Amino acid sequence: MFSKLSVSLALVGAMFLSVPTNAQDHDHHEDSHVVEAHETHDHAATEEGHDVKAQIKETIEHHLSDSYDFTITEGVSFPLPVILFDEGLKVFSSSKFHHGESVAEVDGNYYVLHHSKVYKTDASGHLTMDEHHHPTNAMPLDFSITKNVFMILVMAIFMFFLFKGAAKAYQSGQTPKKAGRFLEPLIIYVRDEIAIPNIGEKHYKKYMSYLLTVFFFIWFMNLAGMTPLGINVTGNITITFSLALITFLITQVSGNKHYWMHIFWMPGVPVVLKPVMAIIELIGLFVKPFSLMIRLYANMLAGHVVLMSIIGLIFVFGSWLISPAFFGLTLVLSLLELLVAALQAYIFTMLTALYFGSAVEEHDHH
Amino acid sequence: MEIPEIVGAGLIVIGAGLGIGRIGGSAMEAIARQPEATAKIQTAMLIAAALIEGIGFAALFAK
Chain A
1 MFSKLSVSLA
11 LVGAMFLSVP
21 TNAQDHDHHE
31 DSHVVEAHET
41 HDHAATEEGH
51 DVKAQIKETI
61 EHHLSDSYDF
71 TITEGVSFPL
81 PVILFDEGLK
91 VFSSSKFHHG
101 ESVAEVDGNY
111 YVLHHSKVYK
121 TDASGHLTMD
131 EHHHPTNAMP
141 LDFSITKNVF
151 MILVMAIFMF
161 FLFKGAAKAY
171 QSGQTPKKAG
181 RFLEPLIIYV
191 RDEIAIPNIG
201 EKHYKKYMSY
211 LLTVFFFIWF
221 MNLAGMTPLG
231 INVTGNITIT
241 FSLALITFLI
251 TQVSGNKHYW
261 MHIFWMPGVP
271 VVLKPVMAII
281 ELIGLFVKPF
291 SLMIRLYANM
301 LAGHVVLMSI
311 IGLIFVFGSW
321 LISPAFFGLT
331 LVLSLLELLV
341 AALQAYIFTM
351 LTALYFGSAV
361 EEHDHH
Chain B
367 MEIPEIVGAG
377 LIVIGAGLGI
387 GRIGGSAMEA
397 IARQPEATAK
407 IQTAMLIAAA
417 LIEGIGFAAL
427 FAK
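Those sequence lines, one after another, are chains A and B.
Each residue of the first sequence is one higher than the one before, counting from 1 in this note's numbering.
Each residue of the second sequence is one higher than the one before, counting from 367 in this note's numbering.
Don't read these hints as lab results, they were simulated from the structure.
Since the model is a prediction, treat every value here as computed from it, not as a measurement.
Beta carbons: idealized from backbone N, C-alpha and C, even for Gly.
Hints should not be assumed to be uniformly reliable.
To be verified - Per label pair, the in silico range of CB-to-CB distance:
(1) L384(B) with F85(A): 46 to 54 Å
(2) G390(B) with M266(A): 32 to 40 Å
(3) I372(B) with P275(A): 23 to 31 Å
Claimed, not checked - Keeping only pairs whose Cα atoms sit at most 25 Å apart, straight-line, the calculated BS3-like set for lysine-lysine is:
(4) K178(A) with K406(B)
(5) K406(B) with K205(A)
(6) K205(A) with K164(A)
(7) K90(A) with K406(B)
(8) K168(A) with K206(A)
(9) K178(A) with K202(A)
As the list claims (entries may be wrong) - Sample of chain A residues at the chain B side, in silico, Cβ under 10 Å:
(10) D107
(11) G108
(12) R191
(13) I196
(14) F286
(15) F290
(16) S291
(17) L292
(18) I294
(19) L296
(20) Y297
(21) N299
(22) A302
(23) L343
(24) Q344
(25) M350
Isolated chain B (complex conformation) (with noise of 0.2 Å):
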């Protein structure tokens, strides 16, 4: 792999890092202020981070 794939695949994990660890800090707030509703947070939580790992992912394989 030459330097620029090698830089590409390192921007993509930036990129889903960043989105998946912003999503992760709103969710632990919104747990925070209302613990009751910890479940459905969680639910939304793992389905928005599935997804923005499935673009890391093609994004990774495609390269």
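Okay, chain A solo, but in the shape it has when bound (with noise of 0.2 Å):
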């Protein structure tokens, strides 16, 4: 029991140190629909509140994007800690940053906020734009605590509660009590549908603890993003690179023989064929898991994008006759995408045990 859960710990941990040393890309990887909102912005901010579709788009893309700070409604909210590391470590608290208005002055470095990233710039907070928009100025290594990674830790230690507490639950026998009876039905649905069929009875057992671990992660996140607060977790890129990430990983690793030789030089292939089909699979080998990230990504990003469109509609008719469809419609999307949280989930682990399968298969040949 002890060694399932701190691999699980320690791979959950692996994906929250990946995460914010790829901090500084947390709010690139957005659609076409937001990268506009990046241009409208800047014409918005001079007619400030008479077009209600660029104030959508703007507090859409706010939702979703990465922040340092937690924001619980309107005015309510606490500052994370920014950690940065330019000659030296600067650890310090967002609330300097003032929601992105005010410079931050640290031993003598001197640090702005601009749409969620942190640049290095001089006392006056000036920072020089390229023709796109971007700042050019330096940006520092950033390793700070933003919200997705305050509530991937929030969601560890949960974890790490829930399952401990399911694993007590067999110490009077083998029916469980307490939280292990709610476990229990999807643990042995993890190892008896996805794992053992994929996997094979022989080595289902080593991949066990990742193929939670990743099910109920992502499950858990995908419905934390349901809630209002603003938890936009598996719709960032970054994280769900992080998770294909640990699964290519792990899938090479524990490559042996006939998967390599299934890449590389294919059996009952003509020889002629043979490098042909080796670049093949190669680009196969990577596409798998970027396919696994890109499928999570879109579809958590789109279900919120989608809507927090509806609800902005709102405000754009704003009649009172139309309103409670949008209302409904809403209803109904939400039910869906509570649906679409534990699809992907699956999906995600099924196609991961998928790849384990085919890495450690030994079948015997043609």
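Can you join these two chains into the complex? Each is in its own frame, and there are hints to help.
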């Protein structure tokens, strides 16, 4: 019991470590819908309040991107620590940024927050822009505890206690009590329907901890994204990238001779075609985790954007008659999103198990 | 978004919709033939639908 939990914790901790180092990108990968907001944002700043659509776009973008403070509602928020590595470790509270309005001065260096990224600047907070309105200032290495990292930590602690309770529930015999009762069907489902059919009876136990971690992490994170707190963890491409990267690494490390043979020197194919097949298989090797990343990211992000856009439509039309229809539509779509939350977790876990299975497969050849 | 982008997005949605529709249709026929295999067919249908949706979303977001 202890080793399974510790491995799961280590994997979640590895994800936590990989996210801040990619924190520079955490605002970059949004769809074109929101990239447009970047351009109209500057126009809307001049005609504040007049353009409802630009305001809606800006609100959606703010809701979906990472931030350095945790906003619960309008005005109720708490700042999160900013940890930078710029000629030495600098730790300070993000309240120094005042939500991006003022320049933070730490140990003689000045930092400013622009569109959820920290740039190094001078005392006046000057940012030199290039032609795409992106600042060209230097960016320090950012290891901050942002909203996403904070939510991953909260979820890791929650999952730890949940599964610890489930494991303890088996002390008094085979029938579990408390948390075990809720989790046992799910865990057995992951074992009997996802792990064993894909990986096989001999090797599935090694991978169960990772499969369970990924399944429950993605599911709980997707559910947390359905709350109005503006938590968008799985809709962030760096986080899904980290998950796909760990899957990729585990697949390659556990690949046996048959696996590599099938990629580079496929048996049963004429010798002339083998190099061609090797190139195609090599591309496939990278495309599979890439598609894992994109699938989860796009499903979650699209769901959130559509939901918030429909709520925004209420403000665009502003009529008493149509608003209940939009409200009902939002309700139905939220139910669909709940289904998608569980489904995406299941799909990710199933495909991961499939890739593990193909790596450790040792069938007799034709 | 200019016209070619909108047309492209529409084509992507048509493609994904047709694909998932066909899968749903054959899944329903299979369930009608053999109701006791419903769970397995549903599982396979959901997996195939998620894969096609993945391509659809990837194309939509990469345009």
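Hint-by-hint comparison with the structure:
Evaluation of the 46 to 54 Å hint for L384(B) and F85(A) yields a pass: the beta carbon distance comes to about 51 Å. Checked against the given bound of 32 to 40 Å, the beta carbons of G390(B) and M266(A), roughly 34 Å apart, stay inside it. Checking the proposed 23 to 31 Å range against I372(B) and P275(A) shows it is violated: the Cβ atoms sit about 42 Å from each other. Restraint check: the Cα-Cα separation between K178(A) and K406(B) comes to about 31 Å, which exceeds 25 Å; the hinted pair is violated.
Pair hint K406(B) plus K205(A) holds up; C-alpha atoms about 24 Å apart against a cutoff of 25 Å. Distance restraint check for K205(A) and K164(A): the Cα-Cα separation of roughly 19 Å lies within the 25 Å cut-off, and the hinted pair is therefore satisfied. Between the alpha carbons of K90(A) and K406(B) the distance comes to roughly 55 Å, so the proposed pair goes past 25 Å and is violated. Annotation: proposed proximity of K168(A) to K206(A) holds, straight-line Cα distance about 21 Å (limit 25 Å).
With a CA separation close to 31 Å, the supplied pair K178(A) and K202(A) exceeds the 25 Å bound. Annotation: D107(A) was flagged as interfacial toward chain B, and the flag is violated, the nearest CB pair being 40 Å apart, outside 10 Å. Taking 10 Å as the C-beta contact cut-off toward chain B, the hint placing G108(A) at the interface is violated, the least distance being around 42 Å. For R191(A), the interface hint is violated, since its Cβ never comes within 10 Å of a Cβ in chain B; the closest pair sits about 15 Å apart.
Taken as an interface hint, I196(A) does not check out: its beta carbon lies about 14 Å from the nearest beta carbon of chain B, beyond 10 Å. Residue-level restraint check for F286(A) is violated (minimum Cβ-Cβ distance to chain B is 14 Å; threshold 10 Å). For F290(A), the interface hint holds, since its Cβ comes within 10 Å of a Cβ in chain B; the closest pair sits about 9 Å apart. The beta carbon of S291(A) is positioned within 10 Å of a beta carbon in chain B (closest approach about 6 Å), and the interface hint is therefore held.
The interface hint given for L292(A) is met, as the beta carbon of that residue sits about 8 Å from the closest beta carbon of chain B, less than 10 Å. Given the 10 Å rule on beta carbons, the hint for I294(A) holds: about 4 Å separates it from the nearest Cβ of chain B. With its C-beta approaching chain B no nearer than about 9 Å, L296(A) sits inside the 10 Å limit, and its interface hint holds. Hint status for Y297(A): holds, given a least beta-carbon distance of 8 Å to chain B, under 10 Å.
Here the hint on N299(A) is kept, as its CB sits about 6 Å from the closest CB of chain B, short of 10 Å. Interface hint at A302(A): satisfied, since its Cβ lies 6 Å from the closest Cβ of chain B, which is below the 10 Å cut-off. Look at L343(A): its Cβ gets to within about 6 Å of chain B, closer than 10 Å, so that hint holds up. For Q344(A), the suggested interface contact is upheld, since its CB lies about 7 Å from the closest CB of chain B, less than 10 Å.
Because the beta carbon of M350(A) sits about 7 Å from the nearest beta carbon in chain B, less than 10 Å, this interface hint is met.
Hint compliance for this structure: hints 3, 4, 7, 9, 10, 11, 12, 13, 14 are broken, all remaining hints hold.
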